[in-house]
Every structure is written in C-alpha cells, then in structure tokens.
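Protein chains in written order, with full-length UniProt numbering: chain L, 1 to 327; chain X, 1 to 305; chain P, 1 to 379.
Hints in this document: simulated from the structure, not taken from any laboratory. It is possible that part of the hints are untrue.
Subject to a maximum C-alpha distance of 27 Å in a straight line, what follows is the list of computed DSSO-like cross-link-like pairs (lysine-lysine) [what the hints assert, rightly or not]:
# : chain 1 : residue 1 : chain 2 : residue 2
1 : X       : 241       : X       : 190
2 : P       : 176       : P       : 312
3 : P       : 378       : L       : 96
4 : P       : 312       : L       : 96
5 : P       : 152       : P       : 53
Footprint (simulated), chain L over chain P, 3 or more residues, beta carbon under 8 Å [to be verified]:
# : segment
6 : 75-81
7 : 98-106
Where a beta carbon is used, it is the ideal one built from N, C-alpha and C, also for glycine.
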Amino acid sequence: MGREGVLNWVVALALLAVPLAAHALDEPFIVTLATKVAILALAGVGLNIALGLGGMVSLGHAAFFGIGGYAMAVLAAPVQAYEPLMTWPVELPGTKSMPVIWLAATLAGGLAALAIGALSLRTSGVYFIMITLAFGQMLYYFAISWPAYGGEDGISIYVRNGFPGLNTLDPIQFCALAYGVLMAALLFSRMLARSCFGLALSGARQNPARSAALGIRPYSVKLTAFVISGAITGLAGALFADLNRFVSPAMLSWQTSGEIMVFVILGGVARLFGPVAGAALFILLEHLLGGVSDYWKLFLGLALLGIVLFARGGLIGTLAGREVAHD
Amino acid sequence: MSVMLLIEQALNGLQYGVMLFLMAAGLTLVFGVMGLINLAHGSLFMVGAFACAAVAGATGSFWLGLAASLAAAAAAGALVELTVIRRLYARDHLDQVLATFALILVFSEGTRWLFGSFPLYLDIPDALAGPVTLPGGIDYPLYRLVLIGIGLAIAGALFWLIGRTRLGIRIRAGEADREMIAALGVDISKLYTIVFALGAALAGLAGALVGALQSVQVGMGEPVLILAFVVIVIGGIGSIKGALVGAILVGLTDTLGRFLLPILFSTFMETSAATSVGAALASMLIYILMAGVLVVRPGGLYGRA
Amino acid sequence: MNAKSKLLAAVAALAMAGVAGAEPLKVGMITTLSGGGASLGIDTRDGFMLAVKQAGNPDLEVVIEDDQRKPDVAVQLADKMIQSDKVDVLTGIVWSNLAMAVVPAATAQGKFYLSTNAAPSQLAGKGCNPNYFSVSYQNDNLHEAAGAYAAKAGITRAFIMAPNYPAGQDSLAGFKRFYEGEVVGEVYTQLGQTDYAGEIAQIRASGADGVFIFLPGGMGISFVKQYADSGVGLPLIGPAFSFEQTIIQAMGDAALGVLNGANWSPDLDNAANTAFVEGFAAEYGRLPSVYASYGYDTANLLLSAMAKADVKDADAFRAALRAADFDSVRGDFAFSPSQHPVQDLYVREVVRDGDILTNRIVGTAIEDRSHAYEDACKM
C-alpha cells in the first residue's frame, strides 16, 4: 500500500469518525455537515469517472444531480398529497422508499447522460465543456419555467423518505446510509478503473487513434463512461434532495456544476478519494469562513486560487506525491 | 402582428447581438491566442460598468466614465494576467476553469466590498437620450442605434487590427505556432499581456455601454458570460468573424423567439398558458440552437476543429 | 455591526421590570447577506436589529446567518439553528422559494416562523400552520393594491408583464383579481432578463394605456431605464418591490412618477413610523425600505409576545403573537385567522426629495385586506 492508499484510509476513517464523535457529543449539526460531505463527494465520484478516467471535462453535471433530485421529488410528492403518480396507461402509486427512489434516480441520471453524452461527445476540448454547460442551462431554464413541479419554488418533501430497518430522520442513521452508498460507489469506481473497460477508457483518453487501431471505438467507450458517471451523480442528487427534504432548480444551476468540479479538482483529479477530500475541504472552508465576514466568498475565492496555483494535483496529489491511482 | 413590429424586433435582436459580440470578441481572442478558457471575463464586464458608473457619478460626464471603464477593465485585465493567468497557460482546461471560477468570487465580493450591496446609478448621456423616428414610422431609441454603430465599428477595427497591423500578424502567428514566434524573437509574454488587456478592455467597454441601459450591480457579468460562451461556440472558438455571426444569430434567435413563440402557441392554446409555455421554450431556444449547430458542425460555424 | 454576518447580540441594557415571561428567547435569522440579492437581506437585518437595540431586552438573543440566496444553504442553516443553536423562533427569509424550503420543515419541528417578507400562497392557504405567522403581507397583496388602483389612475387597457416563475404568475393573477379594466397584453419574461427592447416594442404596438410590471431587483432597474428611454411614456404601475428605496436611486429620474402598490411608506403618518424612519436614518445613514420596515415590525411583534408569555409554553406564546399587541409602523395591524396581516393597502408614487428619490402615498387602494387564500386554510 503506497502513501495514497494510507491517505485514502485516513480520509475514509475520518469521515466516519467525525460524525460518530459529533453524535456522541450531541452536536447533530456536525453530523448533518458530514452527511453533506458524503453526498457531495458521491456526486464528485460520479464526475471523476468522466473527468479523471475518461478525460471528459463536463461543466454540466448539475443536470444529472438535479435530475436525480427531481426523480426523488416526483416519486415522493404524490405520496404526501395522497395522489397516484400516474393513472394512465396503468395506475401507479408514488413511493417513499429510498431503494426504489435511488434506482429511479440512477436510471434517470444515466438516461439523461446517454442523451446529452451522445450529442456532446461528437465534440471535444473546450467545445465539450461548453456544450455540456449549455445542456445544463437548458434544463435549468426548463425547470424554472415549467409550472408542474413548483417552478423556481421547487418542492418540499416534508418527511424524509424511508429505508427498510432504519430511522432516516435520525441524523446519524441517515449519515451512515450516505456513507455506505459513498463507500460502495468508491469501491465500484476502483473496480471500474482496474477493469478491462477502465483500461480501454484510459486508452481512449490518452490516445484515441491508437485505441481505434486496436479495435476499440473511443466514442462508445467514452459514452458508456459518461452514462455511468451521470448515473452516480443522479443517485447523489436523490440523496441530496433527501438531506434537504427539498428540491429546486438551484440544483441544476451552472454554479452547482462548477462546485462539483471544484470538489474533484480540490481533492485531486483521477484520485480515487479526490472528491471525498475535496468536498470535505470545501464544506469546511465554507463553514469556517462563513462565520468570519459578510465577504467570506472573497476569501474562499483566494483560497481556491492559491490551491490551483500552488498545490497542483489537489489535496491528495500534494500529500501523496506524483504516483497516481492505477498502482 | 404587423410587419413594422417584426422589423423593429429584428432591429432589437441585431442590437442585442452586437452587444454580445463585444463580450464574445475578447473571449474568443484570448482563447484563440493563448488557448485559455476564462470564466472571469464576465467580471471584467462588471468592472467596466462599475468604473463607468463611479466616474460618471463623480464627474457628471458619461464620456469620462466610458474612458474610465476602458482603463479600469484593461488595468484589471493586465493585473490578473500578470499575477494569475500567465501561470495557467501551460495547464489543462480544468485548472483554468477552476482558477477563473475562483476569480469570479474574488471580483464579485471585492466589488461589493468597495461599492456596497446596492445597485449603482448610471444613465444614458443626455445627447443620446430618447427615441428617433426611422423610415417606416418606427420610433427607436437613439442610444440603441448608436450601440449598433459602435459595435459594428469595433468589429471593423478588430478585423483591421488582426488582418492589417504588426500586432495582428503576431497575434495570428501566436495562434498558429507559439514556439516559433518566440524563437523569432517576439516577446511572447508581453504579447499575451497585451492581448488579455485588449480583451478585458472590450468587455469593460461593453459593460459600460450596456450598464447605461441596465442595472449596474454585482453579478451582472455572469448571465452575459454564459451567453458569450454560447456565441463563441456557435461561431467557432478563436474566430472573430465567427463571434460576430454567432452573436447576431443568438441575438436574433433570442429576441424573435421571445416575441414569436407565445404568439405561435396561442394559435392552438389558451392565451395564459401559451404565454407561459412559449416563454419557457423561448428561454431554452439559444441552447437548442447551439446544440443543433454543434451536432452538425462540431467545431462551430467558422471553427477549425 | 455591519461587518458581522453572524453575531450574538445579547444586548446589555436594563430589563423591563415586572414583565411576565422573563425566560430568554433565542431567535435565528436566515437572510441573504452576500451575492446579488444582499441589499434586501441587509435591510431586513438592519430593521430587525434596530428594534432589538431600541428595546434593549437582554433576554432576546439573535443568531444571524447568510443563506447566499440558495435554498439548500437555507435548509442547512435552519437545521443548524434548530439542532446546534437550539433557537425557538426562525425569521428573516427574503425569497419565496427559500421560504418554501425552510418553513414547512421548521414548523413541523415545533419552531415558530415569523416571515419578514416572503409569504407564498401555499403557506397562506392549504399549507397554513399554527406556528407560521406572516408579519409582512401575503405575496399577492401588493399586486392586488396595484390592480385595484390602476383603473382609478386611468389605466383601462393594461399591458401586464412578469418573469416566468411562480411568483411572477401569482403576481399577474393578483393584479387581475381587483383590476376593473381590460388586459390587452400579457407577457412572461425570462427570470434575470436584462434587455427589454422586445417587450417595449410589444407594449408600443399593443394599444395599451398603461403598463403593470412585476420585475424585482436588477430586472426592474433595467426595464425602467429602457422604458423611459424608449419614449413610450404610458403610465407605469407595479408592486413596491420594483420601486423600493434599495433600487430607485439606481433608476434615477426614469422612476419619477411611477405608481406602486404597498402596505408601508416612509411618509405614513403615525408615531411608531416616525420613530422608525428617524431611528433608522440615524443608525445607518440611509432611508429604510419596506424590507427594513417588515424586519422592524417583526422584532417588535416578537418583543411584545415575549413580554406576555414564555416561548417554552407554545400555546400561550402563540396566543401572545396572535394578539399582535405592538405599535406597527403601518398603523393598525391585526392577524387574520390564517395568521397573515389584515391591513390597508396603499398606492405610492416615486418622488424626488432633495437629492434622493423616495416614495410618497397618493391614495388607499384596499382597506382592511387579508388575502385570497383565507378560506383554504383549515386551522
């Protein structure tokens, strides 16, 4: 196990220890913050598959994050209004069950990524950044002006959705759930990077011409990775919506895309635990600086700038040295 | 709906497009020459507007304010280039996105620190206030006609600068092969600072000109920035001609879409719903346009990719 | 005080002697202090804190946090205030979409929420709650005032316009509720739109004799400047939000003469209002806005309830709030059954007073108005 491996364990254990300690000390808000870190990190893990493994710089991942969130609201809102989800062609009830909602959010995120990716991957470089941004904005404006699901007001889900055997309203239990999902996604991400598919993807990123010569179609490999990436980010969106018991178009805004990207870059692109470290640092900065001054975003900006300019490879990269994920 | 109204709307679309061009020109220039993606370009737009409002407020002269906006935005651009941006040329787009995203935060909150949270006052100069009557009987604001003129004049000046001057030759050479022109003895870092300051000055000028029509407030640059990105992606990144065509296309699509779509929907829907649905679709129209262009021409209309 | 977004204002002064509920009360204020909409949140906070300072009650503790105008941040701040700071009362949210994110969850956890501004229809009707009070208005009120007065002001063929989002759609519905003329054009603009040349051309072509707009913040500034320059010159009417003290200076003379529906004005003639306007100007060096007046009233309502009951006894405290036994800067003030104000709605005009622009009342639009969703509230 290299330095990065040790570091990963440290990060993983810290994210477990902090909420447990906070729970013991009766500081439920710290538990909520840790839950937020885990969920945003999950969104980052999704983006990291596109960004780190596939080299696809997407500035539109808020689309999948928001779609996941809305999937949760669309399924749960009919239940609290005592109405069916749809009556035609078959009558379907809504649901408050997290596993069902997660499945729906993952599928919805994946499908959206399939549609957006299929068009966007015809381009590359800056064009790719911009077209993903444009698709994100398109959905954002759609969500604001479409009245069916609350428009800009969004939808409140008054009671958090349920998970068999757990009381999700208890902050520490919901935190454990989010942590479990994050760890599962990290494990999946690690397996993916080391699989044949991961190697093909990394080949398609580094040298598309050579991959094509080997009989690998870079387009379909990248599209598959983009779909997986969108699906994971969609799942994170559903969890985030459950954390806040609320969804709104703000989840789809380009600032959200920017922030998810910030988590990944802060922690270290293509590092397995990069998004986790990045999200934790970001939330910590936001929480600490927010108490200092009205102009705290100025200092946040300066801190981010310093990290990009002087701590290349992000937090994990700086602490663990140049050696990268495929050890 | 009369033909005259349609013509007036087309004129509005043209004017909107020309303003977008001023923003997009700087952005596309910086990208074409330095390969830099600059999310903070909208902040320079804001700097221009604030400088103009502050100086115009203090001296009472809009024209002094306009000069101040050029100077302030160019100075801010040069400063940012020297301290931050030049460390990013060799980095990938990802680092550039993050660093310039951080710059937006610094600029926005810094401006709020200096000028407070309330919007500033900036008005059209008296000489250009009010409408004039065009042939065909359209009453059209003089200031907007002047904006179209200024925008087209600047487009012409840029074509001349890039195509006919020594600086332009260097800029084009820098786009084609930066190692080679450095080897030929051109001071490449100075060239980059000049180009970045030029792009910033254009954004600042746009901010001041548009600021007279709009609200001068923190965050005013971000919506325009995204539109400017849409413009240069449609036109082809790095191409001034593409930026001009893209800007006018976006301006016309947006203005005419907002006008015509609700009318179109009201032919088969109830009025109130039609205006709402039409407006919803109109707000997505330019992004649909952009996606459409990229699907057919992945490098934009005049791009090289 | 300005530079601190989070401050614990345990104001040191003499406690009012002989008061019933002397138990400390902790109030959490979530409002927008950074980014584009900060001027509204800052005025809300400053108005609230002025009343707190004037009262000098050491049992009132205020925690203030910045929501950045983001719903998810507001929700997390509410969680923090409830879980960590253990506040009894929440207040301060400016925007309806943030209120919808925070209020239902906060009242479900047994906390009181006093609205200093946003009061969406959902919370006034079906979603009303014994722990939710709106001190400001119901969202439709100021649009209704504009609608009721428009015909009196000679606007018989109105062109009406708002951004395409729920508050915009409610606004146009609110205007039409009491408007007695004909609507000749109805347009939804994009949220955050900055160029209105297209809409102005439509106004010119519509044959209208007056224009109603609801375009809050920078959108209103942009529209009014462009409208004045276009030379269309038809009378303009709107709700107070678009012509508030925080933004009319940025519109300049273009705003002069514009009518706007309101429930408060700096020139309202009553002792409480005079004390408020003068106190605010002395403390902060500027004129207060409606947002500041709502913040000030909210704090005084809270102080009046504290003097009567202990917040730990929720029923008694709620009854004390419902009594609304305080001197409102709006004059007469009472709560309706859904716990929204019953109040007079006015129409104001933007006027120049020396160097600055301000508002002056020109007439009463509706007397003792509650709101349109009262019947849907089962409480």
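Hint by hint, here is what the structure shows:
1. X:241 to X:190: Within the cut-off at roughly 25 Å; holds.
2. P:176 to P:312: violated (43 Å)
3. P:378 to L:96: Cα-Cα ~26 Å, so holds.
4. P:312 to L:96: Given pair residue 312 (chain P), residue 96 (chain L) is violated - Cα atoms ~33 Å apart, limit 27 Å.
5. P:152 to P:53: violated (42 Å)
6. 75-81: Coverage by chain L holds here, the residue count being 4 at a Cβ distance below 8 Å.
7. 98-106: holds (count 4)
Checked against the numbered hints above, the structure breaks hints 2, 4, 5 and satisfies the rest.
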